[in-house]
Amino acid sequence: MSETAQRAALAPEVSPPQKKDRGFLGRAGVVGGVLVVAIVVALLQSGSGLVVWQSVVTGLLTGGLYGLIAMGLTLIFGVLDIVNFAHGALLAVAMFISFGMVQATGMHPYLTLVIAIPALFLIGAAVHRGLLSGTGGSSLENQLLITLGLSLLLENGLLMFFGAEPKTIALPGDFQFPLLGAVVAGSRLYAFLGAILLGALLYWLLRRTRLGTAIRAVAAHGPGAELVGINVRRIHTLTFAIGTACAGAAAALAGPLVTVTPTLGEQFNITAFVVVVLGGMGNVVGALVGGLLIGLVEQLTTIYLGGQSSLLGVFVVFILVLFLRPQGLFGRKAA
Amino acid sequence: MSARKLIAALGACALLATGCGGSAPMGAAGAAAGRDEGPVKIGALHPVSGSNAVDGQQMRRGAQMAVDAINAAGGIKSLGGRKVELVTGDTQGKADIGQSEAQRLISAGAVGLVGTYQSAVSTNVAVVAERNRVPFVADVTASDAIYAHGYKYVFRVQPGSKVIATAAAHYLQQVSQQAGKPVKKVAFLHEQSDFGSGAAEAFTQAARQLGIEVGPNISYDAASVSDLTAQVTQVKASGADVLAVAGYYRDSLLAAKAIASVKPDLNAVWGVSNGAFDQPKFVTDAGDLGALYFSTNYHYDATNPQTAALREQYQRTYGDPMRTGAVLSYDAVQVIAQAVEKAASTDPKLVRDAIAAAQVAPLTVGAGPIQFAPNGDNRNAMAVLMQIQDGQVKQVYPPEKAESRPEYQVTWRP
Chain S
1 MSETAQRAAL
11 APEVSPPQKK
21 DRGFLGRAGV
31 VGGVLVVAIV
41 VALLQSGSGL
51 VVWQSVVTGL
61 LTGGLYGLIA
71 MGLTLIFGVL
81 DIVNFAHGAL
91 LAVAMFISFG
101 MVQATGMHPY
111 LTLVIAIPAL
121 FLIGAAVHRG
131 LLSGTGGSSL
141 ENQLLITLGL
151 SLLLENGLLM
161 FFGAEPKTIA
171 LPGDFQFPLL
181 GAVVAGSRLY
191 AFLGAILLGA
201 LLYWLLRRTR
211 LGTAIRAVAA
221 HGPGAELVGI
231 NVRRIHTLTF
241 AIGTACAGAA
251 AALAGPLVTV
261 TPTLGEQFNI
271 TAFVVVVLGG
281 MGNVVGALVG
291 GLLIGLVEQL
301 TTIYLGGQSS
311 LLGVFVVFIL
321 VLFLRPQGLF
331 GRKAA
Chain Z
1 MSARKLIAAL
11 GACALLATGC
21 GGSAPMGAAG
31 AAAGRDEGPV
41 KIGALHPVSG
51 SNAVDGQQMR
61 RGAQMAVDAI
71 NAAGGIKSLG
81 GRKVELVTGD
91 TQGKADIGQS
101 EAQRLISAGA
111 VGLVGTYQSA
121 VSTNVAVVAE
131 RNRVPFVADV
141 TASDAIYAHG
151 YKYVFRVQPG
161 SKVIATAAAH
171 YLQQVSQQAG
181 KPVKKVAFLH
191 EQSDFGSGAA
201 EAFTQAARQL
211 GIEVGPNISY
221 DAASVSDLTA
231 QVTQVKASGA
241 DVLAVAGYYR
251 DSLLAAKAIA
261 SVKPDLNAVW
271 GVSNGAFDQP
281 KFVTDAGDLG
291 ALYFSTNYHY
301 DATNPQTAAL
311 REQYQRTYGD
321 PMRTGAVLSY
331 DAVQVIAQAV
341 EKAASTDPKL
351 VRDAIAAAQV
361 APLTVGAGPI
371 QFAPNGDNRN
381 AMAVLMQIQD
391 GQVKQVYPPE
401 KAESRPEYQV
411 TWRP
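Protein sequence lines, in the order shown, are assigned to chains S and Z.
This note's numbering numbers the first residue of the first sequence as 1 and each following residue consecutively.
This note's numbering numbers the first residue of the second sequence as 1 and each following residue consecutively.
In isolation and in its complexed conformation, chain S is listed as follows:
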């Protein structure tokens, strides 16, 4: 059942839908409607259009970043069927690489993308080859424990080398500009645009290149892909590496927005999981859209609940999705 469900989730990527999925438009309509209602309620609750508008803007901008982080996670899940618990910790590693480069050479924080992406790609490949590739057919608990262990190892390693002291990456010449009354920080906008751009690039890679076709083939049916001469093991490693590189990219983009600590990954891990489920497990575009939605939910929750844990709203959405549409917004119903 697992394979079927998962293949179904990946299906839109594997083969373009033959006929128009009317259900999809309907779903998009429902989501849009719920969002409109949510925003109107938020308006009534706060009594200030400016506050709500700012929340929407911030939510969308932050959501882009969640999307990019979740894209890596969903790719790994979709192709390798691994719930990668170390994703957040790897993000933290990339954050410290970025921080270290800025600190040591004084380079522009966004330039560290050039280092963070390949570095995380290599780390991802090494992790897969060294720790995970042997567990191919083994129980999911095994893989869970391995990635969980890895995340603990990475976090504590960072703690040892860099200390617990929170660190900041300053963006030279950061600016703010008003957007219909709301304030947008330049760094946030860049992070958002970067996330969208990289998301599009990943989509293009999956849909328009030989490698992408191979990845999709492996995701759809491993043995079949093997039969037509695809090196499945290599594709697995590459996919894990690409997924991890997404975390690297997100880290370099988000560096100037957050306070860098070794445990930073935890902060994003849970959100990213929810985004993955919301977007449809294994669906890269779904992850990006899901990220935007979760960003919005998080901000609107703060308005409703007077700033109680914003994760509360996120989890409510999560549970609703699990109940109503366990295959996610963009996944197809398992036949």
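Hints were generated in silico from the structure; no laboratory data involved.
Everything numeric in this text was worked out from a predicted model, so none of it was measured.
C-beta: ideal position from N, C-alpha, C; glycine also.
Hints may contain errors.
[Said to hold, decoys possible] Quick list of the computed label-pair ranges, beta carbon to beta carbon:
1) 145/Z x 30/S: 39 to 49 Å
2) 361/Z x 130/S: 58 to 68 Å
3) 145/Z x 122/S: 46 to 56 Å
4) 24/S x 391/Z: 23 to 33 Å
5) 368/Z x 145/S: 53 to 63 Å
6) 177/Z x 30/S: 48 to 58 Å
7) 179/Z x 197/S: 40 to 50 Å
8) 85/Z x 160/S: 24 to 34 Å
9) 405/Z x 45/S: 34 to 44 Å
[Said to hold, decoys possible] Negatives, chain Z to chain S, calculated, CB over 12 Å:
10) 131
11) 253
12) 356
13) 368
14) 394
Following the hints, complete the assembly by docking chain Z onto the known chain S.
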């Protein structure tokens, strides 16, 4: 299967978040052998590993420096010059581990304990101390709840949460009046746990009595928050003329970033027990964003030359500025050592009585010597107002503790 995998994943998530608990082994003998010979042992419980390791390390060193100073001056004279030894425990910032470590140090013969940095850990250590009848002198512990239990063996050097918040309201009224811009409305932004909401509540109470309006009261989750722009926009829309902030380091830095980009129409940003605005590190991390921020908090006494000498020595030895937490640990060890000296005994009960009658000159800001009220609180504990001026944290109010004058205006305003 996918769903099952996910649930397993989330289960693991929860496991990670709560940590691997387990109750501490209890029931070890309270009275310990070996108190009458060898060095007099003082126990120090701090989080020297985990996410607060930096502060924990600082505080352990502060305690050690106090012990070294006492030994250099000839040890405990009333006990024939017996040396003092610091026995240490790592709480890892976890309440249950703090509890078992406290038990261990008491069993090892500690005549008193100092610690612990986190209120939750102190709560557990206080129980152990009370049960074993060994004095516990808290250095950093903001929560007032522990001091409402009627414990006999639990003391505290730092001003409590309510003392700080009340002082913050009074200082705000006085400073704003002196600047000719009396405060009317304060918006309060705070993290949502006991620490932040307790500070907000105590501040609101004190401010209302002074005729200052407080609202909106905005809370956030310090662990998961990644942006505070929307919250600060809410402050802006409320028309408050002062924003009070009670948060930890990371989230207060986020608040500063949000304030800098939203630019609400404020006269002042006012830290209340804030974990960032009086840290030298905040000055470099926030840069221009944090200029002229105020902070009401406990502090090492910058006007005391002895404190300055101690901090210099720390800086020389460890290559890092000594933080207030470490100075408070120094004070707490002094309290216990002087009590042993006065009691001329290592019997924890006698030491406890001597602490209750103590008069110890503090190196942290105080309105007088450290002296304990019946509930264990330091009567003369005092919060001081600090401000970031010219890239440095300066004590600015009240005048007798001031290094510089308060500048009541936020920089971005014309």
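For each hint, the structure was consulted:
1. 145/Z x 30/S: 39 to 49 Å: 47 Å, holds
2. 361/Z x 130/S: 58 to 68 Å: 59 Å, holds
3. 145/Z x 122/S: 46 to 56 Å: Roughly 51 Å apart at Cβ, these two residues keep to the hinted range, so it holds.
4. 24/S x 391/Z: 23 to 33 Å: 56 Å, violated
5. 368/Z x 145/S: 53 to 63 Å: Since residue 368/Z and residue 145/S have Cβ atoms about 57 Å apart, the given range 53 to 63 Å holds.
6. 177/Z x 30/S: 48 to 58 Å: Holds - the Cβ-Cβ distance for residue 177/Z and residue 30/S, about 56 Å, lies within 48 to 58 Å.
7. 179/Z x 197/S: 40 to 50 Å: Given a distance of about 48 Å, which is inside 40 to 50 Å, the answer is holds.
8. 85/Z x 160/S: 24 to 34 Å: At roughly 28 Å between Cβ atoms, residue 160/S and residue 85/Z fall inside 24 to 34 Å, so the hint holds.
9. 405/Z x 45/S: 34 to 44 Å: Because 43 Å falls inside the window, the suggested range holds.
10. 131: The claim stands: residue 131/Z keeps its Cβ more than 12 Å from every Cβ of chain S (closest is about 32 Å).
11. 253: 5 Å, violated
12. 356: 36 Å, holds
13. 368: 34 Å, holds
14. 394: Label holds. Min Cβ-Cβ 22 Å, cutoff 12 Å.
Checked against the numbered hints given earlier, the structure breaks hints 4, 11 and satisfies all the rest.
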